[in-house]
Amino acid sequence: GESVGLHLPTLSVQEGDNSIINCAYSNSASDYFIWYKQESGKGPQFIIDIRSNMDKRQGQRVTVLLNKTVKHLSLQIAATQPGDSAVYFCAEKDDKIIFGKGTRLHILP
Amino acid sequence: GAGVSQSPSNKVTEKGKDVELRCDPISGHTALYWYRQSLGQGLEFLIYFQGNSAPDKSGLPSDRFSAERTGGSVSTLTIQRTQQEDSAVYLCASSSQVSGVGQPQHFGDGTRLSIL
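From first to last, the protein sequence lines stand for chains D and L. Take the first sequence: its position 50, counting from 1, is numbered 50 in this note's numbering, and each next residue is one higher. Take the second sequence: its position 55, counting from 1, is numbered 55 in this note's numbering, and each next residue is one higher.
Think of the hints as simulated: they come from the structure by calculation, not from any bench. Keep in mind that the hints are not guaranteed to be accurate.
[Claimed, not checked] Examples of chain D residues lying across from chain L (beta carbon under 7 Å, computed): (1) 24; (2) 34; (3) 39; (4) 42; (5) 43; (6) 44; (7) 99; (8) 101.
[Unchecked claim] Pairs of lysine to aspartate or glutamate, DMTMM-like flavour, derived with a Cα cap of 25 Å: (9) L:11 - L:109; (10) L:57 - D:17; (11) D:96 - L:86; (12) D:101 - L:18; (13) D:42 - L:63; (14) D:101 - L:86; (15) D:101 - L:14; (16) L:57 - L:109; (17) D:71 - L:85; (18) D:71 - L:109; (19) L:57 - D:15; (20) D:71 - L:44; (21) D:101 - L:44; (22) D:101 - L:56; (23) D:96 - L:63; (24) D:68 - D:94; (25) D:96 - L:18; (26) D:96 - L:14.
Glycine included, C-beta positions come from ideal geometry on N, C-alpha and C.
Start from the sequences and build out the full structure, keeping to the hints where you can.
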């Protein structure tokens, strides 16, 4: 079946630098993509979403980029802070939402 | 509160016992989802409800698992004759509609289930 995956299971970033978390998807029919942040002991928290008719969407300190040609999704976090430490999940939606396995973001002091 | 509420937050029980997990979705949300998350893993879809009906039960791992939703609001996930492999965090999410683009799911903090 179709699946969503992530390139790197763990990403370490210096505090203050920008973080880029990548995600590959395989279902070309997916029309909606979402990024979630999950802190330890908490449920996933919605960060930002993007529809398939868009290439880029910006939020507060976060940007999601969608490249449908290569079926790639990325989450960019500007000026990474200690509070950004978490596991980040991408998800895609065709007839149902499928979650990737997650990338752990580790912030270096 | 304004978010999805799950109870209990933690549940420890002996193998073979039945457990019932509860989810209170965001008021007005018609779609409700149950997921299972093992330690360090992603989310495993279990079941979703649109209103009180469950169009997709494909993720339920065995007939020991069942779920219901009443009044278009509260949902309970029941696991009968629990096994050690049932140990996981059970997450509930709700959204304002099930099929619309741009309707993200909002999650509760889950119930951490430990089977001894």
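Hints and how they fare:
1. Checking residue 24 of chain D against chain L: minimum C-beta separation of about 14 Å lies over 7 Å; hint violated.
2. Hint status for residue 34 of chain D relative to chain L: holds, with the closest Cβ pair at about 5 Å, below 7 Å.
3. Restraint check, residue 39 of chain D versus chain L: the minimum CB separation of about 10 Å is more than 7 Å; hint violated.
4. Interface restraint check: residue 42 of chain D against chain L, minimum CB-CB distance 5 Å, threshold 7 Å, status holds.
5. For residue 43 of chain D, the suggested interface contact is upheld, since its CB lies about 3 Å from the closest CB of chain L, less than 7 Å.
6. Given hint, residue 44 of chain D at the interface with chain L, holds; its Cβ is 5 Å from that chain's nearest Cβ, closer than 7 Å.
7. With its C-beta approaching chain L no nearer than about 4 Å, residue 99 of chain D sits inside the 7 Å limit, and its interface hint holds.
8. Look at residue 101 of chain D: its Cβ gets to within about 4 Å of chain L, closer than 7 Å, so that hint holds up.
9. With a C-alpha separation of about 14 Å, the suggested pairing of residue 11 of chain L with residue 109 of chain L holds against the 25 Å cut-off.
10. Proposed proximity of residue 57 of chain L and residue 17 of chain D is contradicted: the alpha carbons are some 43 Å apart, above 25 Å.
11. Among the hinted pairs, residue 96 of chain D with residue 86 of chain L is consistent with the structure: their alpha-carbon atoms are about 24 Å apart, no more than 25 Å.
12. Taken as a hint, the residue 101 of chain D and residue 18 of chain L pair is broken in the structure, with Cα atoms around 29 Å apart against an allowance of 25 Å.
13. For the given pair, residue 42 of chain D sits about 28 Å from residue 63 of chain L by alpha-carbon distance, which is inconsistent with the 25 Å threshold.
14. For the hint linking residue 101 of chain D to residue 86 of chain L, the alpha-carbon distance of about 19 Å falls within 25 Å, and the restraint holds.
15. A distance of roughly 29 Å separates the Cα atoms of residue 101 of chain D and residue 14 of chain L; the hinted pair therefore is violated under the 25 Å criterion.
16. For the hint linking residue 57 of chain L to residue 109 of chain L, the alpha-carbon distance of about 22 Å falls within 25 Å, and the restraint holds.
17. Distance check on the hinted pair: residue 71 of chain D and residue 85 of chain L sit about 34 Å apart at the alpha-carbon level, beyond 25 Å; violated.
18. With a C-alpha separation of about 31 Å, the suggested pairing of residue 71 of chain D with residue 109 of chain L is violated against the 25 Å cut-off.
19. A threshold of 25 Å between alpha carbons decides the hint, and for residue 57 of chain L with residue 15 of chain D the separation of about 43 Å lies outside it, so the pair is violated.
20. With a C-alpha separation of about 22 Å, the suggested pair residue 71 of chain D and residue 44 of chain L falls inside the 25 Å cut-off, and the hint holds.
21. For the hint linking residue 101 of chain D to residue 44 of chain L, the alpha-carbon distance of about 10 Å falls within 25 Å, and the restraint holds.
22. A C-alpha spacing of about 22 Å is found between residue 101 of chain D and residue 56 of chain L, which places the hinted pair at or below 25 Å, so the restraint holds.
23. At most 25 Å may separate the alpha-carbon atoms for a hinted pair to count; residue 96 of chain D and residue 63 of chain L meet this at roughly 22 Å.
24. Under the criterion of a C-alpha separation no larger than 25 Å, the hint pairing residue 68 of chain D with residue 94 of chain D is consistent with the structure, at around 14 Å.
25. Under the criterion of a C-alpha separation no larger than 25 Å, the hint pairing residue 96 of chain D with residue 18 of chain L is inconsistent with the structure, at around 29 Å.
26. For the hint pairing residue 96 of chain D with residue 14 of chain L, the CA-to-CA distance comes to about 34 Å; that exceeds 25 Å, so the pair is violated.
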